[in-house]
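**Q** Whenever a hint applies, use it, and build me the whole structure from the sequences.
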Amino acid sequence: MSGAATPDPAAPLTPSGNLRRRQLVSRAAELAATAAAVIAVGALAIVIYTVVARGAGAIDLDFIFTGYPTGVGPMLLGTLVIALVATLMAMPVGVLIALYLTEYSGARGSGVLRLTLDLLNGLPSIILGLFVFALLVDHKQQSGFAGAVALAIIELPLIARGSQEVLLLVPKALREASDALGVARWRSVLTVVLPTALGGIVTATVLAVARAAGETAPLILASSVFDPKHFTVNPFESMPNVPVWIYKLSEEGNPEGFTEAWGMSLLLVSFILFASLGARALLARSKRKLSS
Amino acid sequence: MTTATPTVRVQVSTARKRLDLAGDRALFGICLLAALLAAATIVLVGYQIVHGASPAISRFGFGFVYETTWQPNFGEFGAGSLLFGTAVTSAFALVLGAPIAIAIGLFLTLLAPRGVRGVVGPLVELLAAIPSVILGFWGLLVLGPFVQAHIEPFLHSTLGFLPIFGNPETTGLSVFTASLILTLMVIPIIASISRDLFQSVPPELQDGASALGATRWEVVRGVVLPTTSSGVVAACLLGLGRALGEAIAVSQVIGAGSELQSSLFKSGDTLASRIALQFPGALTELHKASLFYCGVILLVIGLASNLIAQAIGRRFGYQGATAR
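Protein chains in written order, with our numbering: chain E, 31 to 322; chain S, 703 to 1026.
I should point out that these hints are in silico values taken from the structure, not numbers from a laboratory.
Watch out, some of these pointers could steer you wrong.
[Said to hold, decoys possible] Distance condition first, Cα-Cα at most 30 angstroms in a straight line; then the derived DSS-like pairs of lysine-lysine:
hint, chain 1, residue 1, chain 2, residue 2
1, E, Lys319, E, Lys202
2, S, Lys968, E, Lys278
3, E, Lys317, E, Lys202
4, E, Lys259, E, Lys278
5, E, Lys202, S, Lys719
6, E, Lys278, E, Lys170
Every value quoted in this text rests on a predicted model; they were computed, and no experiment measured them.
**A** Okay, structure coming up:
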């Protein structure tokens, strides 16, 4: 390239010698970027292929509905109950936080609250395990409830953040119409804003559940000593659950256990993939609908 | 309009007004309560972890952080080798994962056609949705043996003069395998944030550079990366936070060694994985407290990297720092 200040107008418009090299470098960079994407997608494909190939053979009706040693029913039931209890705790609080952020807090308050949510989101899950152990298990006994508290803390920032995004998309016109009719704020929040955003809030919650369902680290400390034959819906005792059972089987090194673990992995992964893909599609749709 | 109606209305609405006032206050009150609950949770987590660690803190003091003996039977604990293992695995994951993830971000924003972008983007994020216990299980049975049979011998024979590529172990459980699993975990986080960042670069700047004759790579080098560099650093820190705190997958593939090893192919252990492995069977109260102490170290490093990431992110004006 010639000097920037006084370009020579008579300079011939021929490529400088290194143009070929520059284009080669650019082409190489493009190739590398594509290769990186292929690596990531390939890794995902290999993991999922392995889980399906090794797990599909283990799954039948007995596997889902009976207890140890023929099936993993108690673990599935336990994970269901723990996730349900966690969501019952996290969802109301998360939605209220989102409401606080969109309706009430000033710029400063929302900054602090968002930072809090980001920090909660960044807490290692093993730390939450230690936390519920110290709070609820130590000197008492393990319980599904303690695990659910940890999972609720994992879900909370995700639900709050997701709901906030949808709440912000509720059309101003709706709210203004409600204000113009002289409706009090709490009424318009409950009857106009929340119902409009409900679809988005539910999908944000589903995404959070999909994230929490496979969490193992907190449950290792909160609900890991259990009888794999015992069907229970009582969250105040130690509940069998899928992630801890996969973990235990993987540590044992027994081939039959491995097959069982692959089967459970397949069930868990398919739930998570379907839930998160479905929720994503729904979320995109409801966002489009709200913002159009 | 008659003059009587307004007075009638006022009379009707006083009761309702009172109700509305109460309703407004109540809604504000519970929203504020929920917000305070979130803040209180953070504080309570910090308190409980430090409280649980207090016997070990008073017994070992700050020396715990760099002492490398860990002998539960003799009541001797030090987190030095665990801290070392955590640093090595996380650094490895970041050094390998960050360039790949940034390249994916570039691919998604600049190269991929619309259709491909819509498929590859969500797929990369799905990598983060796979539970760590399953990724660890896969690492134990599939990746570990493969790495042990093919990659480690290859690296040892070609780069063996470097002490980090020592003799492979027979089990396939190694710091190297653990780092590879962590790499898979940090890639989706950094990739999705950097994609969002790259999308925020004004197209006029890129078009301007192109018009001046810059090749695609020169646009990236000269415009896209410099304008987003601080955000990318923040994304890497968030990825680092994830890698530091991962307990389960690491504990499945790292082999739970207790010594400081220079070779990546030996077994090792990290703070988080040591907690997951030993806490359920902890022998004594001091053992438990020491594991809590590991949690304190983890919490401090994790919060610090997160806070720095947020600070950079805020400064940069990038708000969506919550990964996924």
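**Q** Which numbered hints does this structure break?
**A** Failing hints: none at all.
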